[in-house]
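Peer 1: Going down the list, the sequences are from chains A and B.
Just so we're aligned, residue 1 is where the first sequence starts under our numbering, counting upward by one.
Just so we're aligned, residue 1 is where the second sequence starts under our numbering, counting upward by one.
Everything labelled a hint here was simulated from the structure, so no lab data went into it.
As the structure is a computational prediction, the values presented were derived from the model and not from experiment.
Possibly wrong hints are sitting among the right ones.
[Stated by the list, open to error] Under the rule of at most 30 Å between Cα atoms (straight-line distance), these lysine-lysine pairs were calculated in the DSS-like manner:
#1 Lys337(B) <-> Lys257(B)
#2 Lys257(B) <-> Lys159(A)
#3 Lys116(A) <-> Lys106(B)
#4 Lys298(B) <-> Lys242(B)
#5 Lys295(B) <-> Lys337(B)
#6 Lys323(B) <-> Lys145(A)
#7 Lys340(B) <-> Lys159(A)
#8 Lys237(A) <-> Lys234(B)
#9 Lys234(B) <-> Lys106(B)
#10 Lys202(A) <-> Lys298(B)
#11 Lys207(A) <-> Lys340(B)
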Amino acid sequence: MQTFTYYPGCTLRTKAKDLDAYARASAEALGIGLIEPENWQCCGGAYTSATNEPATKLSAVRTLMAAKETEGLVTVCSACHNVIKQTNYDISRNEAMAVKVQRYLELDEAYTGETKVYHYLELLRDVVGFDNLKAKVVNPLKGKKIAAYYGCLLLRPSKALAMDDPENPSIMEDFIRAIGGTPVIYAQRNECCGGYITLEDKAQAAKRSNAVMSSAESMGADMIITACPLCLYNLKKNSGSSLPVYYFTELLAEALGLKEVGNE
Amino acid sequence: MQRIGVFVCHCGTNIAATVDVKAVAEALSHEPGVVVSQDYQYMCSESGQELVKNAIKEHGLTGVVICSCSPRMHENTFRKAAASAGLNPYLVEIANIREQCSWIHKDIASATDKAIILGKAAVAKVHLNAPLTAGESPVVKRALVIGGGIAGIQTALDIAEAGFDVDIVEKEPTIGGKMAQIDKTFPTLDCAACILTPKMVEASQNEHITIHSFSEVSDVKGFVGNFTVTIKKKARYVDETKCTGCGLCTEKCPMKKVPNEFNMGLDNRTAVYIPFAQAVPKVATIDPNYCMMLKNGKCGVCSKVCSVGAIDYKQTDKFIEQKYGAIVVATGFNPIKLDKYDEFAYSCCPDVVTSLELERLMNAAGPNGGTLLRPSDKTHPHTIVFVQCVGSRCDDEKGKPYCSKICCMYTAKHAMLIREKYPDTEVYVFYIDVRTPGKNFDEFYRRAVEQYNVHYIKGMVGKVTPKADGKIDVQASDLLANEQLHINADMVVLAAAIEPDKTARPLATMLTTQMDTNDFFTEAHPKLRPVESATAGIFLSGACQGPKDIPETVAQASAAAAKAIGLLCKNSITCNPCVAHSDELMCNGCSACEKVCPYGAITYQDKEFRMPDRSTAIRRVASVNPAVCQGCGACTVACPSGAMDLNGFSNSQIMAEVDAICK
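So that you can see chain B by itself, here it is in the shape it has in the complex:
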């Protein structure tokens, strides 16, 4: 006979204000098998746990039901308490009477009734609970960082610092990401390259860090502590081990009309190229879309001038496989394409640029050597209009519903830098709101307004129209003065919304991690687990999780590293015993479970069986790899013969709960 203890928590007033907890404890005390039923103010507190432990010992309990908050909050707490009192931790059940009851109901009578029903269901289930033992699985002491921007670099450096090997996979020919393209950083106005490039060099020189540049993750298998990842090293047609980065090939390459993506297409590069002077690794890459040798076999200049014989036109994509214990996603962001915002004349007027393009126009290594000139006629602009929130905080499908967060600050930075360097230039900024929370951020914005006399105007720009004389008419509304404005501008700068990189979604599928509707990776808990994904062993770093500036990105990158290090420090991790298993006598080998398993945990084996007539038959049956299974239960639903069952959530347990609710 089962001896079950029921413990009803008040959670202060969180539960007790809408649920009559004493009535719940009383009602559940009459359930079959219940030998003790108590309520307490905070069951998760030290003394609350003591209450549970003492009851287990005193009454010789064989099962425990806690009526409290969501099992996501405190299931582990009570399992540990039960274990310390000698009860198998998987004999504890939680009835969620807070999130699913007290918080969502107002009427005390009906909330109490519901809490009693939820408690009864848990009691019915715990009758059928079996003791489970968690297995252990070893941890591979190596981490993978996907993305080599400032987030990925910082995470890799921190993990390497702790003494673990880290691989960075970067899809571009160099690490550095967006920060490498930025001219100055807010709010201190120090040069981005000056603070980033030493970190890039440090990463390349660190004995624990391996950089796979121009590479992509093409497959991920396995689970926390034991991922197997296939990395595709794209053909760069240059032998990385031989190239010295002398740059002679890039000087001699006759194909000089390739849009330079590092300078946002504002100037050209050659078909064989090194993205920028401080690239890491400083190795040339041949662009097969433009290289005449690769396209039609006629040229070969780079091969002739290369003194070390690094050019290899026959190079193909290579795949390498590596095992990792932890994976950190740092895939970053991109500004959105502005092709749906033709009211700002971006596609038809070269003097309408995005903020990232302006960074390059103002950068000493940019197309104009750091002098701000209009792209159309290379003249000095005297009136510049900034338009904020282009595609951000947008209520239709053209743009993004969220605030891109960084634009207010970088626009203030641009405005200030232009006023500082070219005091004869008038600068207008059109904004919906100026959002500058952050250390020294609002002071920075005030300086732009008060010290540098940047004209901040609350209102949006309606239309940007290039005129015959080369000027640009900016029509806008000033919401505070309630008037229509026409500004005769020389340049317009659009603060384009930022969005996650396009590679993020296929990657999320490979990693079986969750994303939100905007394709940002979802953290395991928005407040308490901000750098972990809900999938064990996958961590999040930087703007792949949401819009972030550099200080915030670096902070999150180090936090993700700390979490990854915490995992890598362990020699083994405890597995979840609530996994599926197959009853081989019932399984007919139909493959239905294998098809629905998102983790690839199910395989088939031919096994010998004694048949009822004492003959021997070979049958194909499913078997579950308990280390890979995540216990999602999809197979138990798909199985037509009822052979698949989930430990801790068996079909009979679920049915017992349903029966108890419907009684």
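Pulled out of the complex, with its shape left as it was, chain A reads as follows:
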């Protein structure tokens, strides 16, 4: 059994418990071991753009260091993934920063990006393989027209995240096919949902999220799936649309026969 370090992040402990629970259950069913590090902290969320400040890297580096002994670090939340992968990318290219972080954290040697970071979707694609996933599906989501919502954080900046083509991605669509559904391609799938400005300008957030939902709806989607807790919240609460929104892990668990969802 392959074993990875699994970093849930703060949202998955509060608002996004479903995203977390189904991810763990599905990994077990797929023969992937996920170990949660002890005493993990926030990913360092808000600070990614402060590239010159070592303090903003510390949190992510602690997490990355914790995964050194396993085959890699797996994250699910789009935001955590974005922060940790970007930090890993930056620090592997910036020796001076790596040394500063080493001194702050009083490490024996500098951490220079050795850990491989996987988003859960990458784990499914690159470690499990979508073909193997398909073979393990017991409850295929036949006839379901599913729209993948990537949002802004999952793929960008594309050089650092190196996950998929940021303008014409296919990883979630391939995932949908693997669990037996029919992917719906729609224009707004990689546009911002407006979640970040919900507190500041609710009308704008509503406009953005509605654009996403109606774009998916117009292309005939029965439901939307996402990996991002903030997107899910915003699409559900602010868009004014009744199109169901799920975490991709919920549908994964359902397809693997671990839960009944999406049939209401």
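Use these hints to put chain B onto chain A, whose structure you have.
Peer 2: Just chain B, lined up with the frame of chain A:
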């Protein structure tokens, strides 16, 4: 004892403004062997040269040092002057105190010091210069043109006109290139085929021109005046000499679902095909990737219907070898692939097309017979958005840093033609800048705006999104009005950047010519030698050298032809005597020099030597073919025993220069 003359040039103020030329002349007059040291305002002028000539005669000079501009500018001038005064031209040395000194320094004192040091180095070198005599090599009176687009055709026609034999090598089954795919040409709006196809026919009928279609250059050996080129004639599975181009095989071929590259994949062709009606040569070609007979031996319809027995499934690639005096590169361009520009939805929406695809959509011989219809549902588009600079003037590695030059004009042409033919269609053009220099070009663009009411909007398109109702949402910014726009369009046309053909780079390696970072061939001088490559005997024609429209391409094609004719007119050419030679007594036959020689000029021979004990030994030693050697000096550096040396740039001369600089 050497008698050396030093001549320091002011170059007007180019040198004299930052270098104290009188001080340089004074300082160098004390160097060993220097008997005369003078300065003059323009040493390259008639009277400046006279000064050098008179000094040679008067002082009986055995060596000359000119402190002036780069030897690339005037070395030849001064060599000729020396020769006319009876001094071997290779006893002249240039100290470059302009490009490498006065132009790059500001401080007069330090620039003067440096000029003196450069002069001293040249004096030290000229002490060791030996008189050299240039040999001659014959010129094969035949030219090769690589690429059969409008550039290659024009070059070939002009060379043939002068009475020389020319071969065109074209990788596609027909000549014609990109121009054959274009519908109308700017700024006159005449039909491209109507002006191109007569030239194609003329080329095929000219007794001096041989067209090798569906062929590639696979090897180039030799040097200016005497290239040996291997041409690969790819198997087309049709005997060119028998096929009459009747087209019966293409009608009967059951494999009808092959993407038609001539129509940019917008419709299909058969596995056996003639690219277009006016193809030259008008001969069928079988596509082995789709032909069922070639793939699994089941079919043979074309062979049965061919009345002249031209189909030959057993045909293989053939190689022919031919000698040429001159080679003209005319490999042209291609639009870039747009797979990295998914924000414009090119790969997911059939109604988002490139400009070249639009040419085919509007062409009478295109997929819709000349009626502009949306590829998705064959309906008439009422709103069309053009996006310029897709991949051009791009500051990241996705696109190209340069301006593709032709897009502003062809977009204006498309917009105008659509408004003319379908006045009910609204046309928007998004641009960064409109660049229309050229004869009658800006007037043409103004007509599109003023007479045809094309909506030109300064700003870039951010996102193109296909909608459920079949329309396309184009989100863009209008930079002048400072507002965000959403245009509900039926079609989007992308002006893709153009790039050199993929075959250009391997060809450049074969020809040992230089390319820039964008894979455009580099001209010998950007202003003064624009159609020659830095490699003697290789000329550049058309867009392989940089983005060009048709008028410019044709002008350059004729210029390249003129240069090639100038070479072919000569019965022999003077060789460069500054070539490598091997000291056979020192050579140990290790092959180090052969491995680094880019021109294949070094071979090995077993030679008999008298040994010190009077016995005879057979030893393997290097020998240099002086006609092939270009004098690059790579072998002299690689040689571990110091046997290789370069005439005019010997190891001892270089060391003397270094010593003089370090003194």
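Peer 1: Can you confirm whether the C-alpha distance between lysine 257(B) and lysine 159(A) stays at or below 30 Å?
Peer 2: violated, 38 Å
Peer 1: Can the restraint linking lysine 234(B) and lysine 106(B) be considered satisfied, given a maximum Cα separation of 30 Å?
Peer 2: violated, 60 Å
Peer 1: For a C-alpha distance cap of 30 Å, please report whether lysine 207(A) and lysine 340(B) respect it.
Peer 2: Holds. Lysine 207(A) to lysine 340(B) sits at ~29 Å (cutoff 30 Å).
Peer 1: For the pair supplied as a hint, lysine 323(B) and lysine 145(A), is the alpha-carbon distance within the 30 Å limit?
Peer 2: Violated, at about 65 Å.
Peer 1: Holds or violated: lysine 298(B) and lysine 242(B), Cα atoms, limit 30 Å.
Peer 2: holds, 24 Å
Peer 1: Is the hinted pair lysine 340(B) and lysine 159(A) satisfied, with a Cα-Cα distance of at most 30 Å?
Peer 2: OK: lysine 340(B) and lysine 159(A) at ~13 Å, within 30 Å.
Peer 1: For a C-alpha distance cap of 30 Å, please report whether lysine 237(A) and lysine 234(B) respect it.
Peer 2: violated, 64 Å
Peer 1: Decide if the proposed pair is consistent with the structure: lysine 295(B) and lysine 337(B), CA atoms, cutoff 30 Å inclusive.
Peer 2: Holds: lysine 295(B) and lysine 337(B) sit about 29 Å apart, inside 30 Å.
Peer 1: Keeping to a limit of 30 Å between CA atoms, is the pair of lysine 202(A) and lysine 298(B) held or broken?
Peer 2: Not OK: lysine 202(A) and lysine 298(B) at ~67 Å, beyond 30 Å, violated.
Peer 1: With the threshold set at 30 Å, check whether the alpha-carbon distance from lysine 116(A) to lysine 106(B) stays at or below it.
Peer 2: Answer violated: lysine 116(A) to lysine 106(B) is near 53 Å, above 30 Å.
Peer 1: Holds or violated: lysine 337(B) and lysine 257(B), Cα atoms, limit 30 Å.
Peer 2: holds, 23 Å
Going down the numbered hints, you'll see the structure goes against 2, 3, 6, 8, 9 and 10, while the others check out.
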